[in-house]
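Asker: Residue strings, one per chain:
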Amino acid sequence: MINYHPTDKQLQQFAEGNISSALALVVSAHCDVCSQCQEKVDDINAKLSSVIENIHAHEDKDPAFEKMLASIMQMPIVDTKPVVAPRIELDGRFFDVPRPLQRFVKHTGNWSHLLGKVWQAPVDLGDAGIANFIYMEKGGRVPEHTHRGTELTLVVDGEFSDGLADYDSGDFIVMDNEHIHSPHSNASEGCLVFSIVDKPLHFTSGIARLLNPFSHLFFK
Amino acid sequence: MLVGISLENKLQNTGKPKDCADEMSQLLLEVASQRCKRSYAKIFGYFAPRLRSYALKQMGNEALAMEMVQDTMTNVWQKAHLFNAEKGSPSTWIFTIARNIRFDMLRKLKNRKEDICSDDLWPILCEQTPDQNEVSLDEQVTLEQVGQLFNNLPDKQRAVIEAIYIDGKSQQEVADELAIPLGTVKSRTRLALQRLKDMLEAND
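Line order of the protein sequences matches chains F and W.
For the first sequence, the numbering used here assigns the number 1 to the initial residue and increments by one for each residue that follows.
For the second sequence, the numbering used here assigns the number 1 to the initial residue and increments by one for each residue that follows.
None of these hints come from the bench; they were simulated from the model.
All of these numbers come straight from a predicted model, not from anything done at the bench.
Heads up, a few of these hints could be off.
To be verified - Keeping only pairs whose Cα atoms sit at most 25 Å apart, straight-line, the calculated BS3-like set for lysine-lysine is: (1) Lys40/F to Lys169/W; (2) Lys67/F to Lys37/W; (3) Lys186/W to Lys61/F; (4) Lys199/F to Lys169/W; (5) Lys87/W to Lys9/F; (6) Lys197/W to Lys199/F; (7) Lys156/W to Lys186/W; (8) Lys199/F to Lys186/W; (9) Lys9/F to Lys79/W; (10) Lys106/F to Lys79/W; (11) Lys186/W to Lys197/W; (12) Lys197/W to Lys117/F; (13) Lys106/F to Lys108/W; (14) Lys57/W to Lys67/F; (15) Lys67/F to Lys186/W; (16) Lys47/F to Lys18/W; (17) Lys47/F to Lys156/W; (18) Lys199/F to Lys37/W; (19) Lys47/F to Lys169/W; (20) Lys57/W to Lys61/F; (21) Lys199/F to Lys9/F.
Said to hold, decoys possible - Selected chain W positions facing chain F (Cβ under 8 Å, derived; list incomplete): (22) Ser33; (23) Gln34; (24) Trp77; (25) Phe95; (26) Phe103; (27) Leu106; (28) Arg195.
Note that CB positions come from ideal geometry on N, CA and C, so glycine has one too.
Construct the entire structure; sequences and hints are all you get.
Answerer: Dropping the structure here:
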């Protein structure tokens, strides 16, 4: 069951187009699996679009628009055929991902062993930077860390805990420098998450601190 | 110029939102089923100026606003068959397309600005490896590996790295503690990190 949602403010800003594209991606992925948030966004969209309808646009003919109209209508119609939804594969196991993430499946690199029972596959978001699919096997744990920037996470499949809370598929999590946590999964099926970090993590305990000089090479 | 198709900004029923939505839905259907240019011109005439005003307000730039209008209205022309009147009004559909276009544009803009090395957190590694792409340090670095490599460092370098990265001390504190100049701490740190990096690369 989904317990962690974007705030109403984040949903509003998402609908307005006023949040970063990384946050927009994770919010829209969440809404794809959370009907409750999707309904809220639908309502906001309807309100915002009525604003557009009420704009009093001038009615003179505009040569720039005439030209644009002509050039658009020369373009071919795009046939969109239903396609098989691409899935994420790890060791023969296939995971469904929310629709906004599907277009990135083909830009996902190979899985690499991170540490312990934690695996990572980088996702090239193109202009928006790098994200990762992270998979924690049962018993897998990421060392305790805080965040120099913002860490956005969507639980794709499974459950994990981080010492602050327990999360389930579909949960939307934002962490920053005020949070110290150590994600780990005790679920028998492990846990797959999608994560975007804009600055390297900062490991906070024990020998893991040694990773800090290199943390920009992974978890990012 | 397109002869015979004029921009029609005004529809018969713009006064009533419901009627306007019905008319637009009908027009979209005609675009989808018959590629009707006349219907599209009406949709365009109604939405393009409104989208421009909205985008101009949001982006504050005429060229960007027009780019957004062009991309949005191109989608409307090419994908009219994806409009589903049961899921919402035409204006909501078009607004949502415009919003997604905006996210794409923001992403591209951001990329143009961040062409420089953003990794100022590790200026040492950065300045010695200006081309980040060349340093394809494998992601398969594990904690255990780093720990082992760390033990291979010369004692003096290891002491400095340990104090800074494990104990969390500042370089000045380390200098005071070991009674050595700050510059020495800095150079030992730099050498140690470089050495670790070299060892990580050799480990692949």
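Asker: Each of the hints needs a verdict: does it hold here or not?
Answerer: Now the hints, each set against the structure:
1. In summary, the hint linking lysine 40/F to lysine 169/W is not supported, as the alpha carbons are separated by about 48 Å, beyond the 25 Å threshold.
2. With a C-alpha separation of about 14 Å, the suggested pair lysine 67/F and lysine 37/W falls inside the 25 Å cut-off, and the hint holds.
3. For the suggested pair lysine 186/W and lysine 61/F, the alpha carbons sit about 67 Å apart, so the restraint of at most 25 Å is broken.
4. Distance hint between lysine 199/F and lysine 169/W is fulfilled; the C-alpha atoms sit about 21 Å from each other, no more than 25 Å.
5. Only pairs whose Cα atoms come within 25 Å are accepted, and lysine 87/W paired with lysine 9/F is accepted, the gap being roughly 24 Å.
6. Proximity of lysine 197/W to lysine 199/F is assessed by CA-CA distance (about 20 Å); at most 25 Å being required, the pair is judged to hold.
7. Restraint check: the Cα-Cα separation between lysine 156/W and lysine 186/W comes to about 12 Å, which is no more than 25 Å; the hinted pair holds.
8. Simply put, lysine 199/F and lysine 186/W have alpha-carbon atoms about 23 Å apart, close enough for the 25 Å limit, and the pair holds.
9. A threshold of 25 Å between alpha carbons decides the hint, and for lysine 9/F with lysine 79/W the separation of about 31 Å lies outside it, so the pair is violated.
10. For the hint linking lysine 106/F to lysine 79/W, the alpha-carbon distance of about 23 Å falls within 25 Å, and the restraint holds.
11. Between lysine 186/W and lysine 197/W the CA atoms are separated by roughly 16 Å; this keeps the pair inside 25 Å, and the hint holds.
12. Between lysine 197/W and lysine 117/F the alpha-carbon distance is near 24 Å, which keeps this suggested pair within the 25 Å criterion.
13. Restraint check for lysine 106/F and lysine 108/W: the C-alpha separation of about 20 Å stays at or below 25 Å, so the hint holds.
14. Using a Cα cut-off of 25 Å, the hinted pair lysine 57/W and lysine 67/F holds, with the two alpha carbons roughly 23 Å apart.
15. Restraint check for lysine 67/F and lysine 186/W: the C-alpha separation of about 61 Å exceeds 25 Å, so the hint is violated.
16. For the hint pairing lysine 47/F with lysine 18/W, the CA-to-CA distance comes to about 14 Å; that is within 25 Å, so the pair holds.
17. This hinted pair does not check out: lysine 47/F and lysine 156/W have alpha carbons roughly 65 Å apart, beyond 25 Å.
18. The hinted pair formed by lysine 199/F and lysine 37/W fails the criterion: a straight-line CA distance of about 49 Å is larger than 25 Å.
19. The suggested pairing of lysine 47/F with lysine 169/W is violated, with an alpha-carbon distance near 53 Å, which exceeds 25 Å.
20. Simply put, lysine 57/W and lysine 61/F have alpha-carbon atoms about 21 Å apart, close enough for the 25 Å limit, and the pair holds.
21. The suggested pairing of lysine 199/F with lysine 9/F holds, with an alpha-carbon distance near 23 Å, which does not exceed 25 Å.
22. Because the beta carbon of serine 33/W sits about 11 Å from the nearest beta carbon in chain F, more than 8 Å, this interface hint is broken.
23. This hint is violated: glutamine 34/W has a C-beta 11 Å from the nearest C-beta of chain F, more than the 8 Å allowed.
24. The restraint placing tryptophan 77/W at the interface with chain F holds, with a minimum CB-CB distance near 5 Å, inside the 8 Å limit.
25. Contact between phenylalanine 95/W and chain F, as hinted, is supported at the beta carbon level, the nearest pair being about 4 Å apart and thus within 8 Å.
26. Of the supplied interface hints, the one on phenylalanine 103/W holds, with its beta-carbon coming within about 5 Å of a beta-carbon of chain F, less than 8 Å.
27. Hint status for leucine 106/W: holds, given a least beta-carbon distance of 6 Å to chain F, under 8 Å.
28. For arginine 195/W, the interface hint is violated, since its Cβ never comes within 8 Å of a Cβ in chain F; the closest pair sits about 11 Å apart.
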